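Residue numbers (our numbering), protein chains in the order written: chain A, 1 to 175; chain B, 1 to 120.
Be aware that one or more of the hints could be misleading.
What the hints assert, rightly or not - Lysine-lysine pairs mimicking BS3-like chemistry, simulated, CA-CA at most 25 Å apart:
1. B:K19 x A:K147
2. A:K50 x B:K50
3. A:K134 x B:K80
4. A:K127 x A:K50
5. A:K127 x B:K50
6. A:K123 x B:K19
Derived from the structure by calculation, the hints contain no laboratory data.
For clarity, every value in this text was computed on a predicted model and none was experimentally measured.
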Amino acid sequence: MKYIFELHKTMLARNLILVYEGEFTQEITKSVLSMAERNMDSIGEESNIKRKVFNVMVECLQNIVKHNEENDSKAAIFMIGKQNDEYIITSGNAVKNDIVEILQTKLDRINSLDKDGLKSLYKEIIKSTGISEKGGAGLGFVDMARKSGNKLEYDFQALDDELSFFALKTTIPRF
Amino acid sequence: MEIINLEGTEDTPKIILDKGNGIFEISGRSLPEDSAEFYNPIIEWIENYKSDPNPSTSWIFKLEYFNTASSKLILDVLSKLEEVPNSTVLWYFHEDDEDMEEAGEEFSELVEIPFEFKTY
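The task is simple: from the sequences and hints, build the whole structure.
Right, dumping it as structure tokens:
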């Protein structure tokens with residue numbers, strides 16, 4: 001039973017206000033969003049911060065719904081951390097090894113751009129790209145970078161010959 | 001002409017398209033699971049409307065939030081509105097919502113329709 005206390009301590013130490021591990025669907029997305037919104041409402045969070053956090057959460061959650069690769073459990077993880085000066089939205093899910101480099105290139109390009117560069121990239125993609133088979137617009141990461149005003153931190157860990165674990169972290173300042 | 005009247009939900013916007021009463025409005029939140037499936041009937045409705053439109057049409061956009069997949073479809077809707085003569089977009093944003101104001105400005109730069117910006 002000790003793991004319960006350990007997990008509890010980890011959550012407190014990392015200031016995690018919400019952790020969800022499991023299958024991701026649109027229904028789960030809506031539930032997670034509504035829990036996070038209630039949490040921010042209860043502490044009287046400012047509406048413009050709430051909107052930005054909501055925005056980043058939606059893109060992050062819907063990325064997982066659309067792109068999580070079936071691994072043994074089909075599971076992925078989503079977490080929200082709250083510090084005095086920032087919210088930290090993190091996610092982890094399985095991706096095919098052959099798209100790791102594509103994701104890296106995309107994220108590095110986004111991270112190399114300033115506010116105006118991101119705005120141009122957003123407009124370029126929205127004008128030229130259609131909705132993918134999976135229903136995405138190819139704009140999620142760009143939007144997360146724009147709304148947070150911060151770089152997107154990421155990491156890949158090989159799971160096996162086919163899959164890697166893709167961890168993504170977005171930080172939203174509370175001011 | 002058929003009236004579209006969709007109640008808003010936690011992930012789809014409220015939409016009224018009513019030629020007879022001159023009400024053309026989309027409001028609320030837009031983060032549907034399948035944005036193309038949700039917006040295609042709207043685009044089709046505008047396609048039909050443009051052949052026999054009212055003398056002028058004010059399209060009200062009063063969105064509280066939309067995800068990126070919706071933003072692509074909203075651009076498709078706006079591009080369709082370009083084909084309707086004497087169209088104006090009334091873009092509403094909450095007075096402290098700079099992101100929604102900026103989103104409207106960006107859309108206005110991508111399509112050839114007059115935009116009026118209003119706060120609520």
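Going through the hints against the structure:
| no. | hint | in the structure |
| --- | --- | --- |
| 1 | B:K19 x A:K147 | violated, 36 Å |
| 2 | A:K50 x B:K50 | violated, 39 Å |
| 3 | A:K134 x B:K80 | holds, 23 Å |
| 4 | A:K127 x A:K50 | violated, 28 Å |
| 5 | A:K127 x B:K50 | holds, 23 Å |
| 6 | A:K123 x B:K19 | violated, 32 Å |
Violated hints for the displayed structure, listed by number in ascending order: 1, 2, 4, 6.
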